[in-house]
Structure formats: structure tokens, C-alpha cells
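Respectively, the protein sequence lines represent chains W and R. Residue 1 is where the first sequence starts when you use the working numbering, and the numbers rise one by one after that. Residue 1 is where the second sequence starts when you use the working numbering, and the numbers rise one by one after that.
These are calculated hints, taken from the structure and not from any lab test. No experiment lies behind these values; they were computed from the predicted model shown. A portion of the hints provided could be inaccurate.
Said to hold, decoys possible - Stretch-level coverage of chain W by chain R, calculated; a stretch enters the list once three of its residues show a Cβ under 8 Å from a Cβ in chain R:
1) 67–73
2) 130–136
3) 147–153
4) 239–251
5) 263–276
To be verified - Listed next, the in silico SDA-like pairs over lysine to any residue satisfying Cα-Cα at most 20 Å (straight line):
6) K107/R - V267/W
7) K285/W - V98/R
8) K107/R - L17/W
9) K107/R - F110/W
10) K107/R - L25/W
11) K285/W - R94/R
12) K107/R - R5/W
13) K107/R - F212/W
14) K174/R - V278/W
15) K107/R - P15/W
16) K107/R - G29/W
17) K174/R - L7/W
18) K285/W - D96/R
19) K107/R - L216/W
20) K107/R - L284/W
21) K174/R - W10/W
22) K107/R - T74/W
23) K107/R - L274/W
24) K107/R - V278/W
25) K174/R - R6/W
26) K285/W - Q120/R
27) K107/R - A215/W
28) K107/R - L275/W
29) K285/W - P205/W
30) K107/R - A21/W
31) K107/R - V277/W
32) K47/W - K107/R
33) K107/R - P205/W
34) K107/R - R6/W
35) K174/R - L8/W
36) K107/R - Y279/W
37) K285/W - K174/R
38) K285/W - L104/R
39) K107/R - L32/W
Backbone N, C-alpha and C fix where the C-beta goes; we use that ideal spot for every residue, glycine too.
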Amino acid sequence: MTASRRLLPWLLLTPALLIFAGLTLYPLGRTLALSLFATDYGFENAKFVGLENFQELWDSRFFRQAVTNTVVFTVVATVLEVAAGLGLALLLNRAFPGRTLVMTLLLAPFVLSTMVVTAIWRAWFHFDLGFLNNLLRAIGLPGVPWLFDPNLALWSIVLVDLWQTAPFAFLIIFAGLRLIPQDVYEAARVDGAGPWRRFRDMTLPLLAPYLFVAALLRSVDSFKLFDKVYAMTGGGPGQATETVSMFVYRQGFRFFDIGLASAAAVVMIVVAGLLAVVYAASLLKGAGR
Amino acid sequence: MIRIIAAFALCALSLIPLLWMVATSLKPPAEYISTSIALWPQDPTLAHYRVLLDSGMWRLGLNSVVVALGTVGLSLLAGLPAAYALARFELPKRFDIVFLGFVLVIKLAPPIALAIPLYQVLRALGLLDTHLGLILANQILALPFAIWMLLGFVRDVPYSFEEAAMLDGAGFVKRLLEIVVPLLMPGLVATAVFVAIMSWNEFLFALLFIQTPSKFTLPAFIATLINEDETLWGRLSAMGLIASLPVLLAVGLVRRGLTREVSVDQH
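Looking at chain R on its own, in the form it has when it is part of the complex (with noise of 0.2 Å):
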């Protein structure tokens, strides 16, 4: 009993910052500048939506998406052909311990460490500035990533059910089409949802490479607010659940999968 009890009120303890945001974008300022300590607003009011959504934030909301599937979709279609051709071939000279080494140093290591000559490379190939090279960048995070869970994911489908689609004479993009990418569906949407999380989040790239404001994604317009006035925190807070909900709606989605991307780091 103690147990339980203790388990929700650690639960509760952990969500109160989250409240303090839904409440604070409640507010009016005179309610949030203040030393009283009462989380729900007493004089709820909207003002900070209404002028975030007048300002034009849904702009950075679309910029994010586009980013986003951007991001995921190139991810899956590079990462997926990589993670079958892992799973399913004998590469010559352990080129697949090689190369799941390569992209493990790249999963751990720091992106600031490589965001000096990618700002160089992407300035070279004028994409600086644009979604499409924040999309590039994004891959050496997301790629990583999608191969490795996408590795799990393909090993998990029995190869006994190609061989019998090739008996039947189905060539191998068929065989990939309709056997393999139906059977791994649960997998891909994981893996997409992951990445989209962590495309959504992503900052540090998004700051180093992104300069126009109205291209900024919603992490970096977040923290142009933060450095702007120490306590605009209504409007902020309003920014921040607005960036937050989608990513909260999928975490229901996603538990079973965190769980799963946790024993793809066992193996």
C-alpha cells in the first residue's frame, strides 16, 4: 500500500512542472509575475494563445512538421534498404561489424563536435538557411538511430516466408513490398514516431543552421523567447504546451516502443 501510494505521489511530484506550464499560459501577467505560489489561475484567460496564433507561430508549427517528415521520411527510405541488407546478407570481411561500429560512434557522438565543417558542407551546397539541409543535418541523428531499431525490427521477420514468395517466382522488390514492409509495419511506425520526436525536438542543429526567423522550428523559436525577457512565462508557456502536446499525445503510442528501442540496445 505505502508502495502504491508513493509510486503516485513520486508521479504527481514529477508533473508538477508540466501543470505549472498549462496553468501559467492560463494566466494573466499579474498573476504569474507574483510571489504567491497558487498553481491555478484565478482569472483564466487566453490572450497568450491569441497572440502567439496572431504573430504568426503557426508558420514555426508548419516549419517543424515539415522538418519532421522530412526528416523521417528520408530516414526510414535509407535506413530501411540498410537495415535489410544488414540483417539478410553475408557482407565480405565483416563489413556489418564495421559498419554498425561506425554508426554507433555516431550515435554517441556529440553533433557540436561535426556542426563546423556540416556548417561548411551545407553552406557549399547552398542549402544553409533552408529545411532541406536542417533535414540533411537531422540524419545524423535520426539515421543512426532507424538503422539500429530497424535491425531489430527486420531480423524479427522470418526469412521462411520470402523463401516461399521466391518459390512462387516473386522478384525481389515484390518480395520487399509486399512481404517484408507489411510485416514490419508496427516496426516502421515506431521507428517513425521516434524520429519525429526527435526531429521535433532538436535544437542545437536547428540553431547552428537555421538563421531567417521565420524558418525557425519551434525548439528555436523557444529559445529566442527564453533569452528575449526573463518573464514573458505566460506566452512561453503557451508556446511550450503547444509544441508539447503532439509529442505528448504520441508517448501513450510510443511507451511500448521505448520499451522496445531498450532491449534493441541490449543485443
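Same shape as in the complex, but just chain W (with noise of 0.2 Å):
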């Protein structure tokens, strides 16, 4: 009984753990130590060069633009989502009729295929038919270079990240929004503090860890920008749409620079990870609560 009991949740954890052996853990190592090859595919013919690979990642023009656009990218994305993702939830906050239709409604973009999504805003985006820009001359205004324009190629792609992916935060935000207790306020309203007063001292205040939390898996989610890069612009014009991401890609599986692929593998691992640890002390100091 107690020998049986005690192999019971290992036996339990198998098929878990062997996923996980085979499909996570034994691809990170591999990467890791690929990162120190130069090499293009395996170990075979493989010549090991240290950290040079990581040398040639920083002395890169190419990739310390994709780190540029990936965190100007993930801080602006980031921070518009959970903005619009208040907005929405305080919008939403009070009961009126309709208001579960215009949540469900509101959810839609965010469970679409991104490829659906960028789908219909390349065709939006379009200089000549695009419907972005026949609103915009319709009104008299001229037509805006949205994909062409390297200036605002990026900012084009975070509006399209905006629409997708603000209804997410809003989910978050609302949970906690729903969580204050309605006599904090009563008691503030007693004391005399208008709105302004009550949402910047109370509302603020008790949100804060909600709007982190959205934060943070939005910014763990737009640092891995890929799938509308691919599709919308393909890093262009010129680099200024490349990310990280789409450099691994390019490196890895078009020009088969498996080991300088890996070595920027590497460094998207570590960020990973380190938002990973800030993530899981946020949910411990929840638990702990």
C-alpha cells in the first residue's frame, strides 16, 4: 500500500514529464549548446566556437534592430492594452441591459486566428483599395503609407495588436475590478471624495495588482511577436518591422545559421525566464495573501 501509494503520483506524472523530457527540456538543451556552434543543422560537422556566436549577435546592426523594435514594440503594445483594457472594464463596471452581449462582442477579436487578423487588416492597410484609407479620402484626408512607411510600419502593427488583444486585459482587469469591495466606497463617499478622488486613491490603489498581472502576460506575449510580422510585413520595410522572433526564423530556417539562430534562441530564453520568475513571485505574494 504505502510503496504503491508513494510511486501512484509519479506514475501519474509520467506521461507529463515525458512530454516534457522529449519536447521542451532535451530542445533547450539543445539549443543551449548549439549556441556555441558554428553550424548548419546538427553536432555533425559542427565547429565549436565559445561565445562567438553571442559576439556576432551584438556586434549585429541586423539584430540589435530586432531587439529595438521588439521592446519598443512590447513596451508601447503593452502599456495601450492595459490602458484600453481599463478603460473597458470601468466602461463595463456598472450592470445595464446588454451588457453580457457587449462583453461576449467584445471578445470575438481576441479569440480569432491571428492569421485571420492579419488577414483582414493587411487588406485594411492597403495604400491604394485598403479601407483604412478610402475612410480617410472619403473625408478628404489623403491616404496614409500604413506598411510602407518605416516610420510608421511598427505603430501600424501595434494599432492591429490593440484591436486583438486590449479585450484580454480587459478580462483581467474586470476580474479584479469585480473583486473591491463596494463599501470602501460607500465609506469614501461619506468622507466627500468625488469620482476623480475615489478612482485615483481607491480604485487605483487596489487594482494596481491586476494591471500588473495584465501587464505582464501582455508584455510575455508581444515580446514574441511573430505571426502578423510574417504575414503583414515580413520585417519590412527595411528592418523596421524585424523582431526577434522573425530573426530566429530567418536565421534558423532560411539561412541556416543554426548556431547563431541558437544563440539568439538563448537570449529570448533568458528574458523568458526572467519574466517568468517576476510572474511567479507575483502569483506567490497572491497566494500568500
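Put the two chains together into one complex; each comes in its own frame, and the hints tell you how they fit.
Encoded structure:
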């Protein structure tokens, strides 16, 4: 009984452990190892080069541009999405007829395939015939080169991301808003605090953990940005929308510089690991309360 | 009152792109290759849908279904026992914390960062360019998610029910199948729907690990349509709508679950 009882949990964990071992631990280790070699496929004919791949990354203007774009995209998209999510949550906080319908419809963009989202918006961004420029011209404004202008392309992708994922930030923040006890506000109202004071001094601080989680999850996701760039701009014009994910894809699956691609992948994993630590810490803090 | 109007206006605004897709899928090319801002088609046609059906795209839909079912099945089969073990047993040396931490890192890690060695693993197994290979690769996204979500649901099943059954002499498997699984059904369904949507929409692995066009899933096919011709918007919209319908129908079903997932993330 005791022996089987001790074994049972491990038996139950075995399928998951096998999948993680084969499909994540081994690939992780292999990525780490490959990043130290000059190779176009595996370890056969590979030459050990130590940290040279990382040196090459550091020196690569291309990679630095990809990092800059990814960081800018992540910060801007996250801030805008959390702000939009907060706005929506406050707007929908008080019950009104049709609220459930509105909430369900608002979630629609979030559940669509990113490829479908990209298909719509790439058509909308078309310079000559796109819906957005048709609208602008209809009210007498000039068309905007949404995806052709290197200074604008990344912002156009931010706009698409905002449309698609603000509902996700909304969900988290809304869940937090529902948990704020109403008597807190009663007390504040008795003390004569106006709506703005109540928002600044009560709602915002009480909501802070949820805003934080929403921001964290959105930045983790934005940091991976690939699909939209792949199908909308291919990283262009020039390198204006190149991201770290695109860089790994290009080096690994187009130029077959596996060593360099793996080094870039290692950089991504380290950043993801750091974000995971921050996230785990916030989860544990939440559990401790 | 202003609040309600604003809510409905924002909602309508955010649905315009979807409305555009529905309308464009029904427009003849002369109507969408134009500078008109009219959303609704004047001369609606089903030609784009017919072209897609005739070209055998239903087989690509079938590919997506097969991959989604496989991904859901495997992630539940591996995820439910794992979640149960983590919820019910004392694991040594805080193994559960380490395990869940690892699962979290995988959940947050960029898939592209694992894609190169994964490509080599699938190739070594002879699973490159197969749906089984894609189902396995999808576990990287699906399994961490399934474990985290199911963990919360299992914890919500009172252990006392199982203890009562144990007193009646029910063995572990009997307990699991006759008590835990039925009580867990809503959670299992919610998890399955989420994983199915995730798999249905997945693009990167499908792009990298499937090479034969007839084996493409819908997102991979849509990507080729996007790049094939800049303005085949009628066909593209029809395809996008077909690919979105199952998910949009599920959204009502999932809405409650979505809030639930958020609360799982909070714990």
C-alpha cells in the first residue's frame, strides 16, 4: 500500500514528464549547446566556437534593430492595451441591459486566429484600395502609407495588436474590479471624495495587482511577436518591423545559420525566464495574501 | 446613459473589421477592388465560397480538426493525471513547485526559441510533415496550459467525496473515473475548448513543421493566401470567415471559462 502510494503520483506524472522531457527540456538543452557551435544543422561537422555566436549577435546591426523593435513594440503595445483594458473595465463595471452581449462581442477579436486578423488588417492597410485609406479619402484626407513607411509600419502593427488583445487585458482587469468591496466606496463617499479622488486613491491602488498581471502577460506575449510581422510586412520595410522571433526564424529556417539562430534563441529564453520569475513571484505573493 | 451608449459604440467599432470580412466574402471583385467605403455588398455572390469548396479546402479544415482533436486528447490525457498528482499528493522536496515553475517558464517561453531543435527531434522521429508531429509540437503550448487550468479545477473537487468512496473500498482508478472525472466535467470541457481554440489558431509550428500544402492547417493556408496575391480579398475573407466560425460559436460557451482562466492565473 505505502509503496504503491508513493509510486502513484510519479506514475500519474509520467506522461506529462515524458512530453516535457522530449519536447522542451531536450530542445532547450540542445539550443543551449548549439549556440556554442558554428553549424548549419546539428552537431555533425559542427565547429565549437565558444561565445563567438553571441559576439556576432552583439555586433550585428540587424539583431540590435530586431531587439530595439521588439522592446519598443512590447512597451508601447502593453501600455496601450492595459490602458484600453482598464477603460473598458471601468465602462462595463456598472450593470446595464445588454452588458453580457457587449462583453461577449468585445471578446470576438481576441479568439480569432492571428492569421485571420492579419488577413483583415493587411487588406485594410492597403494604400490604394484599403478600407482605412478609403475612409480617410472620403473625408478629404490623404491616404496613409500604413505599412510602407518605415517610421509607421511598427505602429500599424501595434494598432492591430491593440484591437486583437485589449479584450484580454480587459478580462483580467474586469475580474479584479469585481473583487473590490463596494463598502470601501461608501466610506469614501461619506468622507466627500469625488469620482476622480475615489478612482485615484481607491480603485487604482486596489486594482494595481491586476494591472500588473495584465501588463506582464501582455508583455510576455508581445515579446514573442511573429505571426503578424511574418504575414503583414515580412520584417520590412527595410528592417523597420524585424523582431527577435523573425530574426531567429530567418537565421534558423532561411539562412541555416543554426549556431547564430540558437544564440538568439538563448537570449529570448533568458528574457522569458526572467519574466517567468517576476510572474511566479507575483503569483506567490498573491497566494500569501 | 452616456456610459451605455459609449459601451455599445465601442463594441460596434471593434466589430467593423469582422463585419468587413463577412461583407467582403460576399462581394464580387469589382466591388472590393474599389475606393468605395460601402460595407454591404450591392450584388452579393457566393462565388468565393464555391471556389474554396471546389479547390478542396474542406480537406484543410479537416486537417485543422484532426490536429485540434489530437492536441486536445493528448493534452488532457497527460494533463489530467499530472494535475491530479500535483493537487492530491505530497511530492518530495517541493518537486511540485519546481515542476509548476518549469511549466510556467515553458508557458511563457517564445515557441520560436525551441523550434530549431524541435525540428530536428521531429525529423529524427520521422514525424516531420505529419499531423502527429504537429500534435506533439502543440503540446508545448497546450500541456502547460491544460495542467495549470486543470490544477485549479481538481483542487475544487472536495477530497471528502473520494475519502467516502475509499471507505467503500473503491480503488484508485474507480475513484478517478467514477467520482473525479464526472465532477470535473465542466472544467474538462472548458479546458478542452481552450486547447482546441489554441490549436485551431496555431500558426508558427504549422508553418515550420508541415511542408506539404495538402497537409496544411487553416492558418498556414491563410498565410499562403495572404502572400499569394495582394488583393484576393473575397476569397481570403471567405476563408477567414470559415476558419473563424467554429471559434466564434465557441466564444459564448467559453466566456465564463475565460474569466475562470484569469482567476487560475491569479492563484
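Hint by hint, where does the structure go against what was stated? Just the numbers, ascending. 1, 3, 12, 14, 26, 32, 33, 34 and 37
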